[in-house]
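Engineer: The listed protein sequences correspond, in order, to chains E and H. Counting along the first sequence from 1, when you hit position 59 you're at 50 in our numbering, and nothing is skipped either side. Quick note: to get our numbering, add 22 to the position in the second sequence (first position is 1).
Simulated from the structure, these hints should not be mistaken for lab results. Here the structure is a predicted model, which means the values were calculated and not measured. Glycine is no exception: its CB is placed at the ideal position from the N, C-alpha and C atoms. Do not rely on the hints blindly, as some may be mistaken.
For lysine-lysine, the following DSS-like pairs were computed, each having C-alpha atoms within a straight-line distance of at most 30 Å [claimed, not checked]: (1) Lys0/E / Lys370/H; (2) Lys135/E / Lys107/E; (3) Lys370/H / Lys107/E.
Footprint (simulated), chain H over chain E, 3 or more residues, beta carbon under 8 Å [stated by the list, open to error]: (4) 57 to 65; (5) 93 to 100; (6) 103 to 115; (7) 172 to 182.
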Amino acid sequence: MNYRLELRKISKSFGEVQSLRDIDFQVGQNEVVGLLGDNGAGKSTLIKIVTGYHQPDRGEILFNGKRVEHLTVTKARQLGVETVYQERALADQQTLWRNIFMGRELSHRFGFLDLKTMKSETNRLMLESMGFTSAAVNPESIIKTFSGGEKQGVAIVRALHFRADLIILDEPTMGLSLQETRKLLEFVRDIKGAGKSAIFIDHNVFHVHSVADRVVVLDRGTVAGEFQTKDITLDDLMEKMYRVAQTGSLE
Amino acid sequence: MTSSVDQQTKRRTEQEQDFKHSLARFARKNALQLGIISVFLLLWLLFIVGAPRVFLAPEIYAAFMSSIPFFGIMALPLTLVIIAREIDLSFGSIMAVGMTAFVLVFELLADGQEGSALVGGALVALAAALVVGFLVGLINGIIVVKIGIPSLITTIGTQFFWRGVVLVITSGQGFSLINTRGTAFREVLVGRIGGYLPIQMVWMVLIGIAMWILLNRHRFGAHVYLVGDNENSARLMGVNVDRTRMLVFGLIGVAAAFAGVLASMEVNYFWPATLGEGHLMRTLAAVFLGGTSVFGGTGTIVGTFLACFIVGTIEAGTVSIGLTGYFTQLIFGLIIVVSVAMHTLLRKRLG
Ligand SMILES: Nc1ncnc2c1ncn2[C@@H]1O[C@H](COP(=O)(O)OP(=O)(O)OP(=O)(O)O)[C@@H](O)[C@H]1O
Ligand SMILES: [Mg+2]
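Go ahead and model the full structure; you've got the sequences and the hints to work with.
Structural biologist: Written out as structure tokens, the structure reads:
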């Protein structure tokens, strides 16, 4: 069977900085891949190539075994990729429903907005998934005044809504409470349970180890190694992460 | 029994509270518009007291409705430009560029003809003006997006450039449109309904409705807000930021060309050196007074529409209450600075 996603020899530089060098990376069908690596290792750059935001300098991107040229964000979303970006990608002065449907507004013919469905859908998501119980919050609320965790909730629920089958989460637990973090990890397990795939980035090795099928370690723009989580204990994984940070090699 | 009475009163108070809540919500949501309307009414009262002979006569209102649309038609799409966190200072020159295209085509097809014989040629000339206006606007957009020069600088440059092009092509010579008098073409653009209501006002209302729908009920408008609010977020989520930006410049271009044709038809003459002069000030004042933020991401068509009337009233009012015309520039300059300053302060306070 084909990989859900495959990157072959992907390189990307920003001016002088080479952020990624000859990366080979795969996500299987119904696989959750954890991506670990130090600050600046290139994790976010890698996933932004998958989401079509960055164009790689070299290399190939394949979805379900098919090579895709000139990937754009719109194309990637059509191919079933939804993302919670590290920077959240929200528009602060806009309403909740506009944020949920950002870039994928539901519309009738000729591009006229389907406001009714977007608002009722936002309402449903708020009640069912975001756990917003405050009466002050409704689909017309401007998200500027939301707390950090609430904003994150918006970004996460948004990635859920479109029923993507490859969900990318870049440090989704950052700033979340214990309770919300547990819910999030549960949600990643649900992705797996529903037969979908995910890329999960987190600096907390414990989180990654508990939800990922496989862990890929990035170091200074290259793949330093990978493990099946069932073959490695949490302690060993942490040990290896320290070693990579110090020596640049897993062994 | 008592409990059902209790329930009824409870329900009633709940309903009353609901009503109060929704009233408060309405007031909060529309605070800006309500504020603008109050300013407008206050000014109006002031002018009625200051110059009752002028402001209680119907003529002044006919005059408003004939002159406000010339800049209002540009202020409406300019609102979209500024919501998208861009600016255009070149639309005054685009009015003249559009009119130059109009005149060139008109000379070719309809010059020397009279009455209904020239309508066909005039329509083609109008179409040419609109297309040229759109393209010139689009060129602004392309320079801003593809080369990456801030729109403030770009449109200062293109403002001079296009005025220069107009002067070179026309050799600075004006062009009379007097033979359009009495034609259906003229009646539809700048005629008077019932001998009183200037039809350009109807055009402004129609364009206002179209812009409102585009901004609030269409994907394009949704993207305009997103691009102005947070360009990077918009890009990450797949909004075509570049196309949205270029199109808002195209939009103000078409509108400027149309306004140029209307303004020239009104006076039966095309003045290449001065058509569009003074509109920069009025148009910007209307958009900022209407509550559109210079920082992008917020603004409304209704606000701009109402503010156009305030701007028109102030201009007529300052003269009628005995101040000289020299005061208008001073006042408009003040309006632009004060409304932008208020926005900036509000933004700081709200974080
Ligand atoms: N748009 C950009 N322009 C210039 N350099 C960039 C850009 N994006 C990333 N980089 C550089 O690429 C390298 C990798 O950055 P990246 O954001 O992918 O790291 P990361 O692994 O996600 O780190 P973190 O854990 O801190 O989020 C860094 O050196 C960064 O400075
Ligand atoms: Mg990162």
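Engineer: Hints first: check each against the structure and report whether it holds.
Structural biologist: Evaluation of the provided hints:
1. Lys0/E / Lys370/H: 47 Å, violated
2. Lys135/E / Lys107/E: Status holds; Cα separation ~23 Å.
3. Lys370/H / Lys107/E: 34 Å, violated
4. 57 to 65: holds (count 3)
5. 93 to 100: holds (count 5)
6. 103 to 115: n = 3 at 8 Å, threshold three: holds.
7. 172 to 182: n = 0 at 8 Å, threshold three: violated.
Taken one by one, the earlier hints fail for this structure at numbers 1, 3 and 7, listed in ascending order.
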